[in-house]
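Keeping their order, the protein sequence lines are chains A and B.
269 is the number that this note's numbering gives to position 269 of the first sequence; each next residue is one higher, with no gaps.
478 is the number that this note's numbering gives to position 52 of the second sequence; each next residue is one higher, with no gaps.
Treat the hints as calculated values from the structure; they're not laboratory data.
It is possible that some hints are incorrect.
Unchecked claim - Straight-line Cα separation of at most 27 Å, DSS-like style, residue types lysine-lysine; simulated pairs:
#, chain 1, residue 1, chain 2, residue 2
1, B, Lys-517, A, Lys-393
2, A, Lys-253, A, Lys-236
3, A, Lys-260, A, Lys-235
4, A, Lys-315, A, Lys-116
5, B, Lys-535, A, Lys-99
6, A, Lys-253, A, Lys-265
7, A, Lys-265, A, Lys-217
8, A, Lys-210, A, Lys-273
9, B, Lys-517, A, Lys-390
As the list claims (entries may be wrong) - If you want the ones that stay clear, here's a sample from chain A, every Cβ over 10 Å from chain B, calculated:
#, residue
10, Arg-68
11, Ala-146
12, Thr-312
Glycine is no exception: its CB is placed at the ideal position from the N, C-alpha and C atoms.
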Amino acid sequence: MMQRRELIQGLLAGGTLAALGGCASSGATPSSAKVVVVGGGYGGATAAKYVRLFSAQSLDVVLIEPNRSFVSCPMSNLVVGGVRQMADITVPYDSLRSKHGVTIVHDTVSVIDAQKKTVTLAGGASIRYDKLVLSPGVELMFDSVAGLQQAQADGRILQAWKAGPETVALFRQLEAMRDGGTYALTIPEAPYRCPPGPYERASVVAAYLKRTKPKSKVLILDANPDVTSKAGLFKKAWADLYGGMLEYRPQHKAIAVDSKTLTVKFEVHDEVKADVLNVLPSMRAGALAVQSGLANANARWCTVNFQTFESTAAKDIHVLGDSILAAPLMPKSGHMANNHGKVAAAAIVAELTGLEVNPRPMLSNTCYSFVSATEGIHVASVHEYVAAEKTFKTVAGSGGVSAARSELEGTFATAWAYNIWADSLG
Amino acid sequence: MQLNRHRRPRAALFAAASLFIAVGAYGQTAQALQTRALAGTCANCHGTDGNAVPGQPMPRLAGLPKNYIVEQMQAFRDGKRPATVMHQLAKGYSNEQIDALAGFFAAQK
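Please construct the entire structure, taking both the sequences and the accompanying hints into account.
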């Protein structure tokens, strides 16, 4: 019923060919919208919802996202560690449509024309925007590790750094591993998506192996000189919980893999052979941002005006989340992307309705990590926009990390997920 | 010193406000929008407009008395109320911001 009504609206709006052409979208693709959001992750979904909320449902919003449901990266390591199912980390997009009136088009954007202010969809339709929000996430740079692209295509060496089918596939590899095998995880040089994520993954995999295959080993091979987030807390957990089982090696920059033998080679150190090899290559802004010339920092990250998150490369295009060149101490996290979405939404609503743009927006961040199946730790920060320096800085005296790991913080980590999913998508 | 960090001379505020249209196309003031956006920095854990997910440990802020919210934030900041994370987050907000947030959440249903 709903779909037919949307289809009729689409026909009236002139999107006839696209709508009838059977492209991936359900229902209609409007020919224009005040605000078009590309990418329905933590940043984009939040921006879409909050433009509707902040404008009292007055500004029409189209969200373009290929996936039918949102699958959360935060909490996905618990699926890799065998204590959660994909259904536990999957959230439908329905509420954005039914509760907030966001038009959702399940498609991908192939071209952004910043001059004409249009996006062209892979399905062929074109949508004109007044404001574009781009939240494309990260692209894994497979070329940064020789042989990795093929090893990935063959399903031999996985990343599982975008939650989805690979998350389960990595768990299956661990499930099939012999007792006494080695799980090796390589970490690229910062910045990469989710600074504590690899250390959390190594921890929950160690917990899984300790439970099920206690002769096994976990090897963390880190390109960075030290653990990049919550170092003290992670190292204490490793020593207390997985002593003799988990080994951390810094300064290990992966440069090549051998798919057949599951061997990884490093810039300096000796190669390592594993039974399950999980190689995270370097990362950059999502491909669409790079193709569109928005990744104007070393062709890797998108520079933005932090007061509004408007790109410094193109007017009326706001870029969010992991794809931006971050301000000091601003992690590439889902929580941060959610907060970017709100600052951008408020700025867009202010600009489109004739209000002063907030001279001093604020952001918060709390990254929880599991160090076992039940125990959590966190790092938290509050950031204020400092106009004189045109950047966000952490508020002096705020923020910090857990006093110690605890099951209470594990409970809060789960509650954080339920709440941020509801805030971003509900 | 920290408490006065964000205070500006009143005259400057009036001057700044007069440069812009005070009320937008939908009857919303710039201040109301900014306060709502500020509340967005709490929403990730305490729910959109303070409506936290029921049954989870993070409390719902919508509809709590304003004074209670202000007192709790001060207690977190001063270390009088034990916490795992709120003592760290509360220190990121000025008295004026806490007052605006408390007023906003108290007015939510």
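Item to check | Violating hint indices (sorted, rising) | outcome: 3
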